[in-house]
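Trainee: Given chain A, put chain B with the ligands in place with the hints provided.
Chains as they are written, first to last, in UniProt numbering: chain A, 1 to 272; chain B, 1 to 301.
Because the hints were derived from the structure by calculation, they are not lab data. There could be a bad hint or two in this list.
In silico negatives: residues of chain A with every beta carbon more than 12 Å from chain B [unchecked claim]: (1) 13; (2) 127; (3) 145; (4) 167; (5) 169; (6) 173; (7) 175; (8) 197; (9) 219; (10) 236.
Heads up, incomplete: computed chain A residues facing chain B, CB under 10 Å, no partners named [what the hints assert, rightly or not]: (11) 23; (12) 29; (13) 39; (14) 40; (15) 57; (16) 65; (17) 67; (18) 80.
Covered by chain B, according to a simulated footprint, are these stretches of chain A (three or more residues, beta-carbon under 8 Å) [to be verified]: (19) 85 to 94; (20) 115 to 122.
Don't be surprised by glycine CBs; every beta carbon is placed ideally from N, CA and C.
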Amino acid sequence: MSVTTHSMSPQRRRFLIDTARMAGGCAVAGSALAYLARDARALPAEALRPPGALDEEAFLSACIRCGLCVRDCPYGTLSLADLGEDGPATGTPYFTARDVPCEMCDDIPCVAACPTGALDPALDDIDDAKMGTAVLVDQENCLNFLGLRCDVCYRVCPVIDKAITLEASHNPRSGHHALFAPTVHADHCTGCGVCEKSCVLPEAAIKVLPARLARGSSADHYRKGWEEKDAKGAPLVEGIIDLPDRLPGPGTDNLATPGGFEPAFKLPGASQ
Amino acid sequence: MSARTHLAVGQEAIEAKGWYGAHRYLILRRASQVFFLLLFLLGPWFGIWWVTGNLAGSRSFDLLPLTDPLILLQSVVAGHLPGLTALIGAAIVVAAYALIGGRVYCSWVCPINPVTDAAHWLHDKLGLPKGWQPKRATRYWILGTVLAVSALTGTIAWELLNPITMLHRGLVFGMGFAWALVAAVFLFDLVVSRRGWCGHLCPVSAFYGLLGVKSLLRVSAVNRAACDDCMDCFAVCPENQVISPALRGKPGQSPVILSPDCTNCGRCIDVCSVDVFAFTHRFDTRVTETPAAGRTEQTAA
Ligand code: SF4
Ligand code: SF4
Ligand code: SF4
Ligand code: SF4
Chain A
1 MSVTTHSMSP QRRRFLIDTA RMAGGCAVAG SALAYLARDA RALPAEALRP PGALDEEAFL
61 SACIRCGLCV RDCPYGTLSL ADLGEDGPAT GTPYFTARDV PCEMCDDIPC VAACPTGALD
121 PALDDIDDAK MGTAVLVDQE NCLNFLGLRC DVCYRVCPVI DKAITLEASH NPRSGHHALF
181 APTVHADHCT GCGVCEKSCV LPEAAIKVLP ARLARGSSAD HYRKGWEEKD AKGAPLVEGI
241 IDLPDRLPGP GTDNLATPGG FEPAFKLPGA SQ
Chain B
1 MSARTHLAVG QEAIEAKGWY GAHRYLILRR ASQVFFLLLF LLGPWFGIWW VTGNLAGSRS
61 FDLLPLTDPL ILLQSVVAGH LPGLTALIGA AIVVAAYALI GGRVYCSWVC PINPVTDAAH
121 WLHDKLGLPK GWQPKRATRY WILGTVLAVS ALTGTIAWEL LNPITMLHRG LVFGMGFAWA
181 LVAAVFLFDL VVSRRGWCGH LCPVSAFYGL LGVKSLLRVS AVNRAACDDC MDCFAVCPEN
241 QVISPALRGK PGQSPVILSP DCTNCGRCID VCSVDVFAFT HRFDTRVTET PAAGRTEQTA
301 A
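The following block holds chain A by itself, in its conformation from the complex (with noise of 0.2 Å):
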């Protein structure tokens, strides 16, 4: 090193001592924007995008935050984030389904607007439309699961009968009437946030996730028997032996079917 330091003449060591100022400067200003570039990836969970969005990492790579977007829907719905606020990345377009929810344009106004591709102008179909997914977070609060026919979440959905049914089930609370629970299927919800907005409790019990929270997954391994039996046409393991079933009746432990002994005494307020 100092070898080298005699033979410099001052000005190259001059431009070198400048060049090595900057470039340390640099790393530690770009270190600092690349922490906030990191931070400006956690996307909140009640904060939509618009449809067709890219994945998050490559839709921070490609929305150049133009609001074009924001401007071409005809209901509202989309905002761009406000720098300081808690939310998406500053300037990004996101919907909050509670407040103005999508409303699923037939012809995607948005998706046509946008000039970079950040909202995929593959999606032609806004069924097929992906902004999370519709999960009945508050069983206990909903009004369906408590026995009422409420089925507001299930009227308004645009793809109603697909992405949200009724399913009956018996009530155990009341003992003879029907419970109807709203059941999204992922593979329908399009996440447009139109059930959430209308959720008549003070706080909706239907909320839109995002996938990644919304979701399970299945591991890559795992076989459903009855539909591998189907495909098949026939039992997978040939001669499995059949053992007899055990009926309910006097010699089994389930004794309170016909036939079955009675208990020897019955608690004071028991049914039946």
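Mentor: For chain B with the ligands alone, kept in the frame of chain A given last:
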């Protein structure tokens, strides 16, 4: 020196050419800044959607796309292949500024320019020291850093900080805390570093400077023989290192200000009482020989 040295900057020009004559390009420039801002505000304010979007990307008359080329460049290095509309929009912008001078963007369009100009005006009024003066080349380093960070993080990195688009988006779409960033730039130029932001740090200025390296429209010190050394042009020029080579050029050297740092603001034209400067094209190397108005005669007068 003569008594004239004590005159305030630009006073001489006002006496020689009248107030309007000495502020012509300044007024035009402010008008242009207001005009471009108003184009974007017509929609949200008056429902006239001639221009939709913001400086990052826009659509005019449902036809003409414009895209900020630096933002798109960051998008490309971040790994996205932008749609055709955005590419065409950027190509139009690049072509326009490559022709009329890259930094014409800075002085005639950019909404931060009035902010830093105001800071400089106040800075002068208060007679503050020039403060920290990083090298002019710092902005090129920052530009390089911004592109590197975009590539490494896969984001459009400068848009997380860019006060230009923040302010513009703020005005057109809703402000949030963008004003804080603008205030920071103002204060930085006022108390930390004279002409610090646009002239030394802003990577957008560096980018547009590079865009206009070979631009056609240029200011030339055509009449440099008439210069009386009042130094007013140096006082008003935001990039005054660009003037000397042209103004003080030896006979035979081009009088054209060729540095890409020149913002084509035309303030030097305004402020010169003997009309040394004029807009022309880069190949126009004519110099007027006016021996009568030579340096020595003027000073003696
Ligand atoms: S599909 Fe329609 S309602 Fe939904 S965000 Fe796009 S433009 Fe707005
Ligand atoms: S139109 Fe596209 S690039 Fe512009 S803000 Fe919307 S998503 Fe981003
Ligand atoms: S978000 Fe709700 S309303 Fe929209 S498709 Fe999914 S279930 Fe239907
Ligand atoms: S040389 Fe003249 S036109 Fe160029 S930046 Fe300076 S004052 Fe403006």
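Trainee: Look at each hint and say if it fits the structure.
Mentor: Results of checking the hints against the structure:
no.: 1; hint: 13; verdict: holds (16 Å)
no.: 2; hint: 127; verdict: holds (23 Å)
no.: 3; hint: 145; verdict: holds (39 Å)
no.: 4; hint: 167; verdict: holds (42 Å)
no.: 5; hint: 169; verdict: holds (47 Å)
no.: 6; hint: 173; verdict: holds (48 Å)
no.: 7; hint: 175; verdict: holds (55 Å)
no.: 8; hint: 197; verdict: holds (22 Å)
no.: 9; hint: 219; verdict: holds (29 Å)
no.: 10; hint: 236; verdict: holds (45 Å)
no.: 11; hint: 23; verdict: holds (8 Å)
no.: 12; hint: 29; verdict: holds (6 Å)
no.: 13; hint: 39; verdict: holds (9 Å)
no.: 14; hint: 40; verdict: holds (6 Å)
no.: 15; hint: 57; verdict: holds (6 Å)
no.: 16; hint: 65; verdict: holds (5 Å)
no.: 17; hint: 67; verdict: holds (6 Å)
no.: 18; hint: 80; verdict: holds (5 Å)
no.: 19; hint: 85 to 94; verdict: holds (count 4)
no.: 20; hint: 115 to 122; verdict: holds (count 5)
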